[in-house]
Amino acid sequence: MAHSASSPVPYSLPKSSGTVKIFFYTSFFWLLLSMILGLIVALKAINPEFLTGNRFLQEVFTYGRLRPAHTNTALIGWLTGVFFGVIHYGIPALCKTELYSEKLGRFTATLWNLNYAIGAGSILAGYQTGVEYAELPLLFDAIIVVIVALIFFNLIRTVAARKERVLYVSLWYWIGSVLFLAIVYIVGNIPAEWIGTGGAQMNYYYFYLHNIIGLWFTVVGVGTIYYLLPKLTQRPLYSHKLSLIGFWFIVAFYSWNGPHHLINGPIPLWLMKAGIIPSLLLLIPVWSVLANLIGTMKGVWYKVSQNVSLKFMITGALFYGLSCIQGPFQSLMGPHAILHFSYWTVGHAHMPLFGGFSLVAFAAVYYIMPRVVHRHIYSRALMNWHYWLSVLGFLLFGFAMWTAGIIQGFEWMDGKQLGASFLQVMESLHIYLIARSLGGSAMFLGQIAFAWNMYKTVRAGQPIAADDEMFLTR
Amino acid sequence: MANESEKNPGILLFGAAVLVGFGILGTVILPYFDESVTTPTPTAELKNYPTDSAEARGRHVYIREGCIWCHTQQVRPVKADSKLGPVSVPGDYYYDKPVIMMTQRTGPDLTWVGQRYSADWQHAHLLNPQKIAGASSIMPKYDYLTEQDRNDLVAYLLSLKPAPKENKGGK
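Protein chains in written order, with this note's numbering: chain U, 211 to 684; chain P, 978 to 1148.
Mixed in with the good hints, there may be bad ones.
Unchecked claim - Calculated lysine-lysine pairs in the DSS-like style (CA-CA distance at most 30 Å, straight line):
1. U/Lys313 with P/Lys984
2. U/Lys373 with U/Lys483
3. P/Lys1142 with P/Lys1060
4. U/Lys313 with U/Lys441
5. U/Lys483 with P/Lys1118
6. U/Lys451 with P/Lys984
7. P/Lys1118 with P/Lys1074
8. U/Lys451 with U/Lys373
9. P/Lys1060 with U/Lys483
10. P/Lys984 with U/Lys441
11. U/Lys306 with P/Lys984
12. P/Lys984 with U/Lys508
13. P/Lys1056 with U/Lys483
14. U/Lys306 with U/Lys441
15. P/Lys1142 with P/Lys1056
16. U/Lys225 with P/Lys984
Hint data in this document are derived by calculation from the structure and do not stem from the laboratory.
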């Protein structure tokens, strides 16, 4: 099976994928929009009169419609879109071949964005379903499932036609993640009428709520970490076996985690236990990722200071690790009784999705963009601004929310659960909500630097010569 | 290092799908066989609104406007919920479509809000929360709702009560 001539034909620019470009460019747009929506939501939590100038704004931009529009834009528009871009680049690269069908790829990428654009509008117009993270009406869900199926088909055909027999571990994670996305999305979006009793519905919904993170974003994100790690460090992966152990642990235990969102809640006790135990076992796969990372980085940590992309990825992996320590902790009955329903959750939800996998996605974008548009990243300074504003902004955001959540939890235990005393707690949280907006504003500024940098890269980045050694590694 | 099975994406996908399937079986399907999940309580019967009743329409408004994002409908047997009334059990949610217990308590829990305030209070509060509840309330004003929508919403809120004890389906 030895395959010697692995480099593409020299001295002509490698083909660049339109599919990757569409997914990337549109995801940058959704990223900015989700930040704007998030910021409006945060400001409305400080001053409910914000942006209520006329009846139209009052209705369409009411807090309760903006919030799901923000989460969906971040999850479906930005993070899913950008990771689709990453795997449409990475899977052909690891298979040493081209994408099976560019045409199908461009079609799915375009449809994905059109579908979500109209879907987001429908949430603002008052058609949210009332199921968290699954707010899009059924029609859009059906189209999403069809698109994911087409993407899966396109990618699996690419893998089948691979010129490299051994499947590098990233391929495991990436192919698996698209399959899981389809499974999880279907389970979570079955209409309530078909599921039956409310007591059964909650198990579908919390399975979905947890696993859209656990089996899609985590799996595709960890695959991306394993893809970038050897490339950014120019070191072989520390342990292939460890990465596979991590894969099977994620697959075996993540899907059991839904009930841990209902600890102390209206579900049978056995179901709570079935949720808590696998939550604790999740420490194993996350440690396998971090151990692999640390093992690979040994002796080359200095590269973090030279390579902004690597800096993004290491930080992202760190936040992913911290989320997976926070998560099992929260799933224990005691902490859950205090922290559940509080602002703590908001901080926790942003840690894996922004601090963790968005940073990993940024690292991937910075790595892939030059190879797709054949231009160097426009500005390294902007990359650093992007990094520091994102990370420091998120830390302010996160700690504001975690502190606010702890205060809420203990005040509620003191009996301030209703009426005037509830309001008194709310008043004391005002300063933390302001801190959240400041952190969020910094995050937003960081993303503006990112989007501007990407725009300038495409327009005015320094062209890369066809014989540049950058093109020898995909 | 790599063995033969590692070169086969079919085995990989099949194995992974089976393992995820176990999780679905255990946490999504198995609860159907638990009686506490599949038996409606008297409270659930109270919340079994006839189609197109004011309460059913009001519940729709409650979801449409996103009240769900700040108000939970779930009372737990924990200290932080000690003043909120009877603890929620699975059967209480029997007829809810969809279930809206939700995840954020930015505003107070509304599981049993029907026994706390009058219709007049609810109307006045929806129109101007800051005036009725207190200046530091961060709830938006719902004065943009049509009169019909607001009436329906209040009807729904007032219906959120526990069933009287030891008495199947109300009086």
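Against the structure, the hints come out as follows:
no., hint, verdict
1, U/Lys313 with P/Lys984, "27 Å, holds"
2, U/Lys373 with U/Lys483, "46 Å, violated"
3, P/Lys1142 with P/Lys1060, "18 Å, holds"
4, U/Lys313 with U/Lys441, "29 Å, holds"
5, U/Lys483 with P/Lys1118, "41 Å, violated"
6, U/Lys451 with P/Lys984, "14 Å, holds"
7, P/Lys1118 with P/Lys1074, "26 Å, holds"
8, U/Lys451 with U/Lys373, "23 Å, holds"
9, P/Lys1060 with U/Lys483, "26 Å, holds"
10, P/Lys984 with U/Lys441, "22 Å, holds"
11, U/Lys306 with P/Lys984, "15 Å, holds"
12, P/Lys984 with U/Lys508, "29 Å, holds"
13, P/Lys1056 with U/Lys483, "21 Å, holds"
14, U/Lys306 with U/Lys441, "15 Å, holds"
15, P/Lys1142 with P/Lys1056, "23 Å, holds"
16, U/Lys225 with P/Lys984, "27 Å, holds"
Going down the numbered hints, you'll see the structure goes against 2, 5, while the others check out.
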